[in-house]
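These protein sequences, in sequence, are chains A and B. With my numbering as the guide, the letters of the first sequence map in order to residues 1 to 376. With my numbering as the guide, the letters of the second sequence map in order to residues 1 to 376.
Some hints here could point you the wrong way.
Put simply, identical chains are the same to the list, so a pair is met inside one copy or across any two.
To be verified - DSSO-like cross-link-like pairs, simulated, lysine-lysine; straight-line CA separation at most 27 Å:
1) K44 <-> K295
2) K209 <-> K108
3) K117 <-> K295
4) K44 <-> K117
None of these hints come from the bench; they were simulated from the model. Please read these numbers as outputs of a predicted model, since none were measured by experiment.
Protein chains: 2
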Amino acid sequence: MPSPRFAFTLSGTDGAARAGTISMIRGDIRTPAFMPVGTAATVKAMKPADVRASGADIILGNTYHLMLRPGAERVARLDGLHAFMGWDRPILTDSGGYQVMSLSELRKMSEEGVSFKSHLDGSAHMLTPERSMEIQRLLGSDIVMAFDECTSFPATREESSASMERSMRWAMRSREGFDAGEGHASVSALFGIQQGSMEADLRKISADKLIDIGFDGYAVGGLAVGEGQAEMLRVLDFAVAMLPADRPRYLMGVGKPDDIVGAVERGIDMFDCVLPTRSGRTGQAFTRNGPINIKNARFAEDQEPLDPACGCPVCAGWSRAYIHHLVRSGEILGAMLMTEHNLAFYQALMADLRAAIGEGRLKAFADGFRARYLRD
Amino acid sequence: MPSPRFAFTLSGTDGAARAGTISMIRGDIRTPAFMPVGTAATVKAMKPADVRASGADIILGNTYHLMLRPGAERVARLDGLHAFMGWDRPILTDSGGYQVMSLSELRKMSEEGVSFKSHLDGSAHMLTPERSMEIQRLLGSDIVMAFDECTSFPATREESSASMERSMRWAMRSREGFDAGEGHASVSALFGIQQGSMEADLRKISADKLIDIGFDGYAVGGLAVGEGQAEMLRVLDFAVAMLPADRPRYLMGVGKPDDIVGAVERGIDMFDCVLPTRSGRTGQAFTRNGPINIKNARFAEDQEPLDPACGCPVCAGWSRAYIHHLVRSGEILGAMLMTEHNLAFYQALMADLRAAIGEGRLKAFADGFRARYLRD
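From just these sequences and the hints, can you work out the full model?
Here it is, written out as structure tokens:
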């Protein structure tokens, strides 16, 4: 049986939470899923085979970074992002909308899109829904994200509404632009992004417009922008149920392990975040008992692994004392080992969540996880 | 049959060149051997298993760096350098003599040794032959290097003679200090270091004094200090034959691939150099057709591997275009892949040299290698 372009099958539910599988041509994605971030065609400090070995079924690439360097047309000439970086499983690419606002210079927003100058070399660029779809097609993305505007936070109701409405017009143009890329649209999927800031009625308008357009999956956008965990979970309490139950729901840019647990309890199926990779490079290791800063002097002669409850290759092979030494010395191997462990921690958490949902014991697992992880 | 503490067996000779095996408790070392440099308890940007997979039988650790961070006593409390870093095969440690002169601050030399301040935190330290032996014992080194003074270059005949004579007195103190560490001396080996700058008569005096003391192996020190390849090979033409034929000969800090080929032709058995690792991190890749700078714009869309004649995992998996992108972007994976390839290149060269010696065709191999490698 050939792999479908895109199919989402639920294997179990537990309250609002769901466990399932997204099937795509390049492979299956077990949900709830965590997608490591591979910004510039690399999950930083990791070989693709080690990313896969950590349990990742899919990674994320950043349109903004890749369009600037090495350039989307160049990646296409080099046979696409998968061949370029040596990752043959699914890749989700964001639309560039979020990062053009946070990273670029001299931005100018209009109904057409965003013109900006590169933070790398000052060169002038324009991102529109149509160009974002074209770039993601040139990259060979498996899951393409609609081009939207991530509403700033805090925002007035009027700002939130106007921003959401523009994103919905861009969602329609994204759909049309995606569908026009025939060879790509027949093998990849397009996700819409709900906006509406922290307002239930705006979120509902956004969801209905997206459903009317029709997407393979639906993302919750505009969260993890500084509102805090409690507010984020409050929004998820009403926003998630507005999205179709038979489609994957993706919470963009989230998050801390306890953020993920709370969002899974509320029905989210997919996550991405730079936290395990970025914080790993600066010395934060995730453990079942909460994060630790491996640079702390108390680890200088600690013979335990980063997380004694972890079964990853890093915890099997090296001590906290050694990794403390590496990170304090600025050694590349320190970044490599910290990243590998942190990604394994995140993937083990997702596997635990999937198993708990499948066995109808998510609340007990989540409460137990929080009691240990947040005890300090 | 238990592994011997130290045995050197020749399996073939070709002119002055030799192929053989050093057998030690932690494993065999095929010679001519290249030892990757693991300065601070890590071969930079490499996991130990990947260092081994590249073909390395032994790595080098730097006494100067390790005594300052994490500290020799600390490494001993953490069960030694092998357990600390996860490398279970032989490790050679240098004596610290060379690097204390090139890296530390406020050095003060005396007959006793060298007092200095750490380049890391300004703390005060003293290195003597006895302390160097103690540090290398605390690290758990398999091959310990005598503490010497690397004669500066250029030096007058008087300076060269006086420096060599001091190194020979320190060689005797190193021998005594090493032998006093009973538990360690019974499982590890001690190498002496010939000095005498570029002068044949001084080199002969040095060799005779070392042979009189008696060592497991003999290093040629004081070369690769700026004299150039032609002068280095001229010195090797007389210096190597002064050392015992039945003991390994180690040319410290060498070198470029063509340096190694020339030194093997003159009877050298062991090498170490930071070149494949350090230059890899800054973009120099070694190929059978000479080194290339992967950051050069001409590689931006080059789909060939770093070296089309290479069988390493990096050349099997990624293109020059991809690695060009990584290195230009400052990505850690760029340093990882460049290092892995360069170490594989060096180890493949050593394997080729060993095979050529074994089959009595070293001159043809060496001439062919140079014709291709140096053709530009």
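Hints and how they fare:
1. K44 <-> K295: both (20 Å within a copy, 19 Å between copies)
2. K209 <-> K108: Within one copy only: 26 Å inside, 77 Å across.
3. K117 <-> K295: Between copies, since 24 Å is at most 27 Å while 37 Å is not.
4. K44 <-> K117: within (25 Å within a copy, 36 Å between copies)
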